[in-house]
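Participant: Sequences and hints are given; from them, build the entire structure.
Letter by letter, the chains look like this.
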Amino acid sequence: MRSTVIKTEKLTKRFGDFVAANELSFEVYKGEIFGFLGANGAGKTTAMRMLCGLLAPTSGSAMVAGFDVYKQADKIKNNIGYMSQKFSLYEDLTVTENIRFYGGIYGLTNKEIREKSEELIEQLQLQQSANKLVSELPLGWKQKLSFSVALVHMPKIIFLDEPTSGVDPVTRRQFWDLIYAAADKGITVFVTTHYMDESEYCSRVSIMVDGVIRALDTPGNLKSHFNAASMDEVFHGLAREAKRKDD
Amino acid sequence: MASVTLQNIAKKYDEGKVLAVDDVSFSVEQGELFGLIGPDGAGKSSIFRILTTLLLPDAGTATVDGYDVVKDYKTIRGRIGYMPGKFSLYQDLTVEENLNFFATVFDTTIEENYELIKDIYVQIEPFKDRRAGKLSGGMKQKLALSCALIHKPSVLFLDEPTTGVDAVSRKEFWEMLRRLKQKGITILVSTPYMDEATLCDRIALIQEGKLLSIDTPGQLVANYPTTLYAVRSDSMYKLLNDLRMFEDTDHCFTFGDYLHLSFKSAGPGQEQKLLQYLAGKGQTNVELKVTTPTVEDCFIKLTGTTAA
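If you're matching them up, the sequences are chains A and B in order.
Taking the working numbering, I'd label the letters of the first sequence as residues 375 to 621.
Taking the working numbering, I'd label the letters of the second sequence as residues 890 to 1197.
Hints are computed from structural coordinates only; laboratory data are not their basis.
As the structure is a prediction and not an experimental result, all values here were calculated from the model.
Mixed in with the good hints, there may be bad ones.
[Unchecked claim] BS3-like mimics (lysine-lysine), calculated; alpha carbons at most 30 Å apart, straight line:
#1 B:Lys975 with A:Lys460
#2 A:Lys506 with A:Lys445
#3 B:Lys1017 with A:Lys617
#4 B:Lys1178 with A:Lys597
#5 B:Lys1023 with B:Lys1041
#6 B:Lys906 with B:Lys975
#7 B:Lys1099 with A:Lys460
#8 B:Lys960 with B:Lys1007
#9 B:Lys1070 with B:Lys1060
#10 A:Lys530 with B:Lys1127
#11 B:Lys1153 with A:Lys460
#12 B:Lys1023 with B:Lys1007
#13 A:Lys460 with B:Lys1170
#14 B:Lys1070 with B:Lys1099
#15 B:Lys1007 with A:Lys506
#16 A:Lys516 with B:Lys901
#17 B:Lys1099 with A:Lys506
#18 B:Lys960 with A:Lys516
#19 B:Lys1029 with A:Lys460
#20 A:Lys506 with B:Lys975
#21 B:Lys1060 with B:Lys1127
#22 B:Lys1070 with A:Lys617
#23 B:Lys960 with B:Lys1060
Facilitator: Pasting the structure below:
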């Protein structure tokens, strides 16, 4: 039986009168690539911040990697990885120094850090650049390194916030190769994107409109349910209904 | 008359170590909607900054509206509208104050050119007393476009106006651009989203400072040199790896719910051979069909990238 790694029940966040996320109830399973779509202002970031233990919900419940978002936010942070389009790598540290830094932050032993560094550098074929400053790496490599660093403490879930914005079509696809490989190893991938073709690569996709989840299913089922040829059409059909302007 | 011309423009950074723009020449006709398409770091912003007279080229010449970007920079600045990639309005002025400021700087008034910005500005007018820094991404974008248009420029430069914007708002933004084009304004727009390229009259594909191609989107696709196949099966990730191992494969990449595959050279019985190979790999429900390339396929082909 598939095991659940994220489970929310009527998860809600209000800012004053404004309901940013309204009674979200969904489950994410181990090893799946879960696409989290929505227009700007639909409430994606708010939902993601609650799941990462960075923002306390107003009401409802959520368990992430087996921990409660209200009481065990610190435990959640130890068990998830996070990467956004703004890389969190230190530009003036080398590749190895960045891995060592993040390994240290997540409490890996020196031995583990050494092993992990060698493994990552070999995997990414960065042997020639291991002692180069991150600022000297091409964008595509930075992105792959950033992804690997977010996995350095072997989290159960990795959250990717628009990881492929602005990169060339080949690098974008190579990045998805990494995502597939991680999911293949049993890591759950929770990803947001503005590229609708990428939503087709997900195991399941949820679409948020005005703070609520309007649709959640496999891309195949969503397309047949909405009688659409592509996920792009599904998304446009739903997002056009949005009343809330992204103000 | 050409509205914008570039002749052998080059720009280096970091004491000549980084060649950001490498011998680029093209021209844009009056009233054209012209797209500069390429990933981050391709040189798009450098080209825009040279054309808007904010950066001196190391070599080559360029003109905007018939004026030279180096000698006649002051004249050019009065005739163009520029929306940089980074939001550059005054965050602590209100929506209306920003618009008034830009109108005044260009020696005009909001009333004089209201007709031009009306479509766009009405959408943010309810918030005209809000500070620009407090606007959402989509509204900042509309305000920045209004400010870039308020002096009725003859050429509009938009540097990545849709980056980070969701698919629906992106489509709306492009509809606004089509309407502006009908008013006779020449528009140069850059974007990393290749699907937007089809909305331009002509596009230049750019990578690492070099132009790969300049054409209409339709012609670009028609010139795709080989047959492109779309393939899918029950097990897509395994299929990707299997196809990349196939001896005749030139490259294979994910494209939505299909994989796009092209062969090194066309040969008789190739399709049959591939289907047999995939059956041997245990693939089930294999679908193989010829497909029309997208602009992204063309970009991949032009950059000469083989299977990863």
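Participant: Against the structure shown, which of the earlier numbered hints fail to hold, in ascending order?
Facilitator: 2, 8, 11, 13, 15, 18, 21 and 23
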